[in-house]
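Engineer: For the sequence shown, counting from 1, position 204 maps to 204 in UniProt numbering; every step adds exactly one.
Because the hints were derived from the structure by calculation, they are not lab data.
Remember, it's a predicted structure, so these values are computed and weren't measured experimentally.
All clues stand as given, with none of them false.
Quick list of simulated restraints, FRET-style, between CB atoms:
#1 192 - 35: 27 to 33 Å
#2 157 - 279: 53 to 59 Å
#3 247 - 113: 43 to 49 Å
Each residue gets a CB set at the ideal place from its N, CA and C atoms; glycine is no exception.
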Amino acid sequence: MLPFLLAASEAITRIRIWEVLPVNRAVNWFDIVWLRAAAELHRDVTRTYLGILWWVIEPLLYMTAFYLIFAMGIRGGEDGEGFVGFLLAGLVIWKWFSTTVIQGAGALLSNRGLIQQVYLPKVLLPLIPVMANTLKFGLVLVLLLGYVWVFQRPPGWDWLALFPVLAAALLLVAGCTLFSAALVPFAEDLRMLINNGMLLMMFLSGVFFDVADFPEAVRDWFYLNPLVGLLEGVRQVLLASGLPDWEGVAYAAGFGGVLCALAVTFLVRFDRVYPKRVA
Numbered sequence: 001m002l003p004f005l006l007a008a009s010e011a012i013t014r015i016r017i018w019e020v021l022p023v024n025r026a027v028n029w030f031d032i033v034w035l036r037a038a039a040e041l042h043r044d045v046t047r048t049y050l051g052i053l054w055w056v057i058e059p060l061l062y063m064t065a066f067y068l069i070f071a072m073g074i075r076g077g078e079d080g081e082g083f084v085g086f087l088l089a090g091l092v093i094w095k096w097f098s099t100t101v102i103q104g105a106g107a108l109l110s111n112r113g114l115i116q117q118v119y120l121p122k123v124l125l126p127l128i129p130v131m132a133n134t135l136k137f138g139l140v141l142v143l144l145l146g147y148v149w150v151f152q153r154p155p156g157w158d159w160l161a162l163f164p165v166l167a168a169a170l171l172l173v174a175g176c177t178l179f180s181a182a183l184v185p186f187a188e189d190l191r192m193l194i195n196n197g198m199l200l201m202m203f204l205s206g207v208f209f210d211v212a213d214f215p216e217a218v219r220d221w222f223y224l225n226p227l228v229g230l231l232e233g234v235r236q237v238l239l240a241s242g243l244p245d246w247e248g249v250a251y252a253a254g255f256g257g258v259l260c261a262l263a264v265t266f267l268v269r270f271d272r273v274y275p276k277r278v279a
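Use the sequences and the hints to build the structure in full.
Structural biologist: So, in structure tokens, the structure goes:
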């Protein structure tokens, strides 16, 4: 009996318990997402001459074009400096959202070679563009905060309210990305619909205008779009020295949370089916 117990004890001591716990599996999955996201960012930086500067130049080009159209054209130059901050706050959030969803929608299709050769939980693939674009967004956000500090107003304690607003935005970005990635392999036309629908979505999200300027009957329809409440929340904190409308922030977080739950359920349920669908 004693030799058996000694052998069993020795076998148990050789088992590193953290390798069989779900926590360790989650850490390994995070490492996969992190390394792939870092590789994507490295590729973006090294394949062009300007590298990381494009992360800043791209939203600035968008801002310049839309400023000329909406501020100088439609508004006739009214409140020009104030409109720059208003426009930048909207465009920074919008670019984060739209770029991530478009890239994530095709995550399983663009990695068809990988998932057909080795097993990888499919839920990880759309999380790679979520992480990569969130890191890029973080850099642009720092520059936005610097602009607001220099040209609009100095930071205050109310800026701390930006953290829950951005957390809700991240949940919405992840939810829309995961949900799109889960459905596209079953109907690839959805990818084209998403790519082209983003233009319409941009004009329905209050990126270039204040939804509060519309009549109440029209305004209620705009607020069905969770991005509207998020953009208003960011602008309220950064530009208006106030707290966001927490109801709008909670709506966006709830919307994103429901999409995340549905998408993860779908991705796990059809985890072994996707390699056949994307073949």
